Every structure is written in C-alpha cells, then in structure tokens.
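Residues per chain are reported as follows:
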Amino acid sequence: MRVKVISRSTDDFTRERSQDLQKVFRNYDPALRSQEKAVEYTRALNAAKLEKIFARPFIGAMDGHIDAVSCMAKNMNYVKAMFSGSMDGDIRLWDIAARKTVCQFPGHQGAVRGLATSTDGDLLISCGVDCTVRLWKDPMRKMMNTDDAIGDASQPSAVYTWKHAFWGVDHQWDRNVFATVGAQVDIWDHNRSEPINTFEWGKDTVLSVRFNPGEPDVLLTSSSDRSLTLFDLRMSSPARKLIMKTRCNSVCWNPREPMNFTAANEDTNCYSFDSRKLNEAKVVHKGHVSAVMDVDYNPTGREFVTGSYDRTVRIFNYNGDHSREIYHTKRMQRVFCVKYTYDGTYLVSGSDDTNLRLWKSKASEQLGVILPRERKKQEYQDAVVERYGHLAEIRRIVKHKHLPKPIYKAGKIRRAMIEAESRKEERRRAHSAPGSRTMQPFRKRRLITEVE
Amino acid sequence: MGIATEGDPRERENRRGSPDEMEMKVARFSRGKAANLGDLRDKKLKQQLAGKEKLIGVSAKAAAQAEKWLLPSVGGYLEPEGLEKTYRFEQWSILPKVDIWSSRKSFDMILPVLGPYTLEYTPNGRYMIVGGRKGHIAFMDMLNMELINEFEVKETVRDVAFLQNEQLFAVAQKKYPYIYNRHGTEIHCLKEHGESLKLQFLDKHLLLASINSFGQLHYQDMSTGEMVANYSTGLGRTDVMRVNPYNAVIGLGHARGKLTMWKPTSAKPLVTMLCHKGPLTAVAFDKGGHLMATAGADHRNRKINIWDLRKFEVVHSYAARAQSLDFSQKGLLASSNGSLVEIYRDCGGQDYKIYMKHRMVKGYQVGKVLFRPYEDICGIGHSMGFSSMLVPGSGEPNFDTFVDNPMETGKQRREKEVRSLLDKLQPETIMLDPNVIATLRQLKKKEKKTKKEIKDEIEGAVEAAKNIRVKKKTKGRSKPSRRAKKKEEEVLRAKRPLLDQHKEASGHPDKKLRIGNDTELPKALQRFAKNRQS
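Quick note, the sequences are listed as chains A and B, same order.
Counting with UniProt numbering, you get residues 1 to 452 for the letters of the first sequence.
Counting with UniProt numbering, you get residues 1 to 534 for the letters of the second sequence.
Think of the hints as simulated: they come from the structure by calculation, not from any bench.
Result set (DSBU-like, lysine-lysine): computed pairs, CA atoms no more than 35 Å apart in a straight line:
| no. | chain 1 | residue 1 | chain 2 | residue 2 |
| --- | --- | --- | --- | --- |
| 1 | A | 286 | B | 46 |
| 2 | B | 61 | B | 330 |
| 3 | B | 263 | A | 37 |
| 4 | A | 377 | B | 416 |
| 5 | A | 52 | B | 52 |
| 6 | B | 204 | B | 134 |
| 7 | B | 263 | A | 399 |
| 8 | A | 49 | A | 286 |
| 9 | A | 376 | B | 44 |
| 10 | B | 52 | A | 377 |
What the simulated footprint calls covered on chain B by chain A, stretch by stretch (three residues with Cβ under 8 Å from a Cβ of chain A suffice, anywhere in the stretch; the number is not a length):
| no. | segment |
| --- | --- |
| 11 | 72–80 |
| 12 | 93–99 |
| 13 | 365–376 |
| 14 | 409–422 |
| 15 | 430–439 |
Take a look, some chain A residues computed to stay more than 12 Å from chain B by CB distance:
| no. | residue |
| --- | --- |
| 16 | 132 |
| 17 | 163 |
| 18 | 291 |
| 19 | 407 |
| 20 | 430 |
Note that the structure is predicted; figures quoted are calculated from it, not measured.
By construction, the Cβ of each residue, glycine as well, lies at the ideal position given by its N, Cα and C atoms.
Construct the complete structure from the given sequences, taking the supplied hints into account.
Right, dumping it as structure tokens:
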C-alpha cells in the first residue's frame, strides 16, 4: 500500500517573524472560483459607480484677463506654461501648476487673435486685429527667474505691421517660418519684416491655420467661405480645397497620424478627414448643440478636446462619433479656445467670461503619485468596466452625463429635428421611383465639392 | 510531506508535464472555446474580438505555466499493491503509514449524552462546528485541534451553519434559528424563519437559506437583515437541502421522490425532477456543478443515482442506501448508511466505484458525512458523537490565499470580510447556468416570418398550384368549367396553411383562436370555451 495525505505544517505556510510579509499562495484553478462572471460583473458595476462618484474634473479657474480669452498657445518645453491672449490685447503667461499669471506681454491695441510658440519654445508670436505681428524673444524668462517681480515681461523683439487684420498664426515645426492668416495667408521668416510668401484663393477671410506636424511644408487653413484649404510651401499656389456647407472655425492635425485632421464646424459637428481623401469625412463627431469654436488634439493622438459656443467642453475619441466626456460649470460662458497640455493629463479652456479653466482629462483620475497597487487596482477596474460596458446597467451609469437644462433641452430639440429630417427623407424615398433618390451617408452630406 | 521534495520520483513526474498535459491545462484556464470570428463581417469588431481572444490565450497559457511552479503541494493518494484492494484498507492500517500530524486528524469523539451530532466546516476547512441534537454546540479549531468554545442551548438543535466567516454561526433550534458569535453569545433570533430544519449559507450572496417544518423556503440577507424571499414549496416537510456550489441554486429533496431547485427570485422552482419513486433521503452536488448524487427509495430497493445536471439525466444508478451524501473537492463521493461510511471514486465516465469503507461501532447511526475542504479528511456526525476519517485524495492540496486560506490571520480575515461585502452578489445572479451573465440571448431557432415573406410564399404556392397540369379525362370530367373549379380548389388548398400565418403576422388572428388561447376568460365563462382552460 502506498499512501499519502495532504499535510501542511504551519511553519511552511505562515511567516516566521512578525516583521516578515505574509506568505501568499496562488492557485488559479477556475474550479476554486465559482460564479466568476457574476463576481466580475458586480465588480464592474461597482467600478462604474465609483468612477462616477470620483468624477471631479474641474480643478480651478485662472482669472486675470479683463476681456474674453480669444486664443491660447502652449509651449512644448514647459509643460506647466500656457499663453493666453484676450480681446483687449492682453497676453499673459500662466503657470498652470500654481494657477497664476507669471507675466504679461503688453502692446497689442485691439484683440489678440493668434498666438503661437516656436518649436524650441524660445519665441512667442502674437498677432491681432491691429494689423501687427509681434515676436517675443525668450518668453519663459520670468517663469525661470522667480526673483523678478510679476509684471510686464519686456518689449517685443520685433513688431511687423502688415496690410490687414490677422485671425490666426501658427509656427512651422522644424524651421524659422511661421504663417499668419487674415485676408490672405502669409508666410513669414523670423528676421524679415515682410512676408516671404503670400497665398490667396478667393477673397474671403481665413480663420485658422495649422502646420502639419509630419510634413513641415504642408499647412491647412479654414476660411469663412466655408472652405478647408491645404497649402504646400514648396508650390507657388494652394494645393487643394474642400468646400463644406458651413464654415469651420478651427482645425487641428492629429499629431500621431499626421495625415488626419479634425475640423471644428459651425454646424455643431466636428469632422475628421484624411487629407489624402477629402471627398468624405472619416468620422463625424456629433454632440455639441452650438457652433464648435476650437479643437485641440491630445499629444497621444487618441482623443481631442473641443470647446463650443454652447458653453461646454467635450472630449472625443479620435474615432468616436459621440463625446466621451462633457465638462461644464455654472459660470463658464462661451468657450473660444481649448488646449490639451503636452502631458495629456489636463485641459485648459478659455471662455467669454475672461477666465481660463483647468480640467482633468480623465474626470475621475486620481492626481499625484499613485502607488503600484493603486494603479493595478485602477487598471483592473477600467478593464472590467470595458469588458462589461455593453450591459444595460453599466452602460447607463457610464453614459449618464448631467447637463445644464438649456443644453439638455437644446440637444433634445436638435435630435428631434434630425429625426424629423431623416423621417421625411425616408418617406420621400418610399414615395419616389426606386433608385431615383440616392441615400447619401452623413459623412458626405455636409461636403459640397473638392477643388484641386 | 506537504511540500514536495526533489527526491520523490512521483512528484518530479507531476512537475514535468508533457506538452499534451500543458494543452489540457491551458484549455482549463481558457474557460471554454474561443469565439468563431469567421462569420463576422464587421472588421472593427472582428479585430477587437481577435485581440481579446489573444489576450485570453496568453493569460491562460501564463496561468498554466505558473501552475507548474506555484503549486507547492501534491494531492494525496492511496494505491494498492499486488492483489490489495483500496476498500479493504481500514483506518488503523492507514494511520501508521502517514505522518504523525495527519494520523492525529483521524479521531472518534464519543459523546453519548447529547447526540446525534451534525457538523459543519468553514469554507477554508479550518474551523468546525458540531451540534448535538439535544442542545450541545461545540466550536473547534481543527488546525490546532483545540476546542474554542462549547455551550448548551438546552433545546433541540437541528442544524448548524457558518455565516460569512467563523465569527458567526447560525443554529436551527427548536422554534427558530439563532445566530451566535464565536464566544457563544446569542446575536439574533431569526423568528421569521420559523421552525427550520436545515440551514445553508450562500457565501457569495451572503444569504442564509432555511427550510422549515411547513416546507417553506426562506432566504435572508445576512449583511442587511432583509428577508429576500419566502416561498412555500407545497411539497411538505423535508430536511434534505443542499446548495449547489457551482451556481448557488438550492436543491430540495422531497418525500415523494421529487427534487426541486430554487433561486430567491422565483416563486416557482427552476427545476422539478422526479428522482426516485420513494422519499429522497440525501442529495449532494459536485463542485463542478454538472454532477448531482441523490439517494432515495425506488419501490423496495434503495438507490443512489448520479445525475448529469446539464441534461437532467441519470448517468449511473447504484443499488445502495444512504442517509447522507457528500462530494469532495476532488470529486470523491461519501455516503453513509447505518454505521457504515463508504467512499466512492469516479473510475472514468462518472462511474463511481467503491474506494474506501469505514465501519463505525455497530449501533452508531451516522447522520452526516462531510468532507473537510483542503484536507484529506471526512467528518462524520453520528448518534454517539462525531468522528473523522482519513480519505487520501479527497481534498484540494493547493489553496489560494485570496479565495480560502486555512492559515488565515485575523487581519486577513477582516480584509476578506470587507472584500466579500464589496463583491456581494445580488440574488438575481443566482441562475442555473451562471455563465450566461454578460452573454447575448440566443436567437430562437424558429424565427417568425415577416409579413412580406409570408406574402411571397403564398404567391409562390399559388403560382405552383396554377401550373399543375391536369390529366385529361373522359366523360365530361375535363370540361373547362370542371377544370377551372379543380384549379381553384388546388389554389385554395395551397394557400390555406399559409393564410393562418399571414393573419397572425398581420396582427389580426382569428377571433375564435384569440379567445381560445390568449385571453383568460372569467371563471364562470371558462366552461363555454372550446378548449377548457385549466
């Protein structure tokens, strides 16, 4: 007879000294864990609820401007720095961590409409309706030297006056060239008081401009003739133009997929395009109930933030048709500009109520240093919520966003209108000869033509 | 002996693991087959699902590989040599061959005054509580073999059950169940349950289930105190109750041989099955959830039936009588009959053959047999006290600290209690197949045809009927009028079965039909209905 029975000596399974860690034994056999799925579902439900409880996205407001904030710029080399320009010509540098103004850049006579920093962060370019472009050398000086009292930074290193009011500016990613827009698109060199190149396609005002992060010579503009135009600096004339039914207020390239860009449109939607294939939008991002004023991508390229005239800030996935998050406060008025910080953790919005507001990019994220065990727990919770997110109870909790009554109602009305329109279209199709009315996908419906 | 040593050839073999064995392990950890993505047309979804499947595969493989190194102990075994038979080995012949610690675990506690005794272990197998019929409660630490507390309630004790941990236990007494803490202090009296005969605690749901002498099944939430459900079985008094550890469904055995399965959210049993033709004496569920053993009388011969719960079919039936049944963690089946305790083992294909026998002193009536979790031990409660016997190979050798920890410290116990409260399952999660949670509802096999499809079908049938060539006949039977009539009849015949479907689909079923089947007539009018309603 051969016989053996389970026999555990306590010494082998418990710690020797009270200072030691407890011994841990694992057996991953599924047979030991009955009703795993029910347990996991319960955890997912709890995690979804906790996420809602901890959702406190608003960190603080930064006041100081005395007129509406019209534009912002961030500096790649200083994560906590943010420039903002306002409608009264004031430009400020903010320390986001302290939520304080570091210094001001006085000089503009009218509204500042465009701000941009050079890639190395040593130059700030501002332009405005006073027909001047101002270049500020070493704008971070005050932030570095804390001994200087808060006050005016300095005089601009250069002031270039030009023929028309400016609407926007953007700096090229790898050379000393920047572009301003207004009545036309002008390309400037840092050291030249006149533009080195000028593009014009139509007579309408150009509203915004962005250089492509991947192809440094390509830039994209949106203008009030409802067009999106691609320019190539190596060519003497603009490359391509797409005309939509309503105008785009702002554009932004996806930094990780630099052939794709997103345009913030007047018709409350954002449209993501592939610049090689402009005949249809890749995704239509819906949700806002009023014109979208600005758009900015997360440096990861996975999501972007939009600010709108409806007084909300929304976060979309790069391929999501509806917003992931909606931020609003009682006092925030129309949002004119939004920016992701370069670490992707925070957003800054500038609005009509003269304040900049600082938000968390993930509403329920815990700030500060997170211990590995906490992080693992958080990852587990995210994973189970994602896994069971399709179930009605969890989806309801995750999707629920409280909205101010006017926005909620406006959204409802918009949905009713869209529904009525589609119903009408459906009926028309049903009562016309088969094949005579073609169904156009929404991705194409708002586009008119593409001009080469 | 618990920790494997390098020298033992058997254990080395266990460790090595052939590729086939590895594959089987991976299959166990991957929890079912991968989804078939071939038919999916949505590219995005397909890619997402493929990614998930890959993750599942990787984690299953990692778990299987880790298992090879993580599990410190190997299971017990009892192997005959030559012509020996395992069921001939008595406890006294086994005891000298095992280590001293294990041999101490087999004992007989003779308590002739307050018996017969029933017993219960905590899920981690460390603590035991025994209840004597005449009011004796003893609470013991089985790891250190010491009595923690004992007291007398001075009235009938029918059953005992541990609640979420060893700090609290419930005792079914003469009139009501009571809850005591480990010091023997009475915490609660659960009057609503009435004179309960059997108690079962569902540890994931924190529900205490009881069946009382009127055949009423009560579920009470032990964390909130709320009475979750109270159902009358309507099948009379019974004290055969067992919870299926796989899905937390409660099985009740009744006097007429019926077995009913219950969940707290339905007033009717989930399953009613006729297991035996006489009274059902015992029921036990396997840990895997697909196997059930019932004992009962069929005419004059007593039987133990092994059921497959997926098909609700008898897999094997044995002529044996049993007052009590229990499955061990590794699938051994213990049964008691008079003073004899028998252990059966699955010899492949759910064919249970006798593995061990243990005969108590003649005249002792064994009331309950229960395997101790994570140990090779079977506890026996009988009329003269309680005993325990060694059953090599019955328990799971490797425990998981975060599931059930026999060496639990106070801090770990408190931590676990909090976790169990956080992960408390709602009563709705109790269902026959616990894996359907978060899956899609299966489409019904026979889809209802749409209106248009039925219309097309009718048209097709009519066309086909019209095209039937009629034989040429004589004596005026092929007159045009006759032929037309015949054709019309054919068309009608083809149409008729489809017309009913069309009526149903269009929402205007026949009035007669509607009254007959769907609407419930008032009692007085029921006798006029075509098919009398029951």
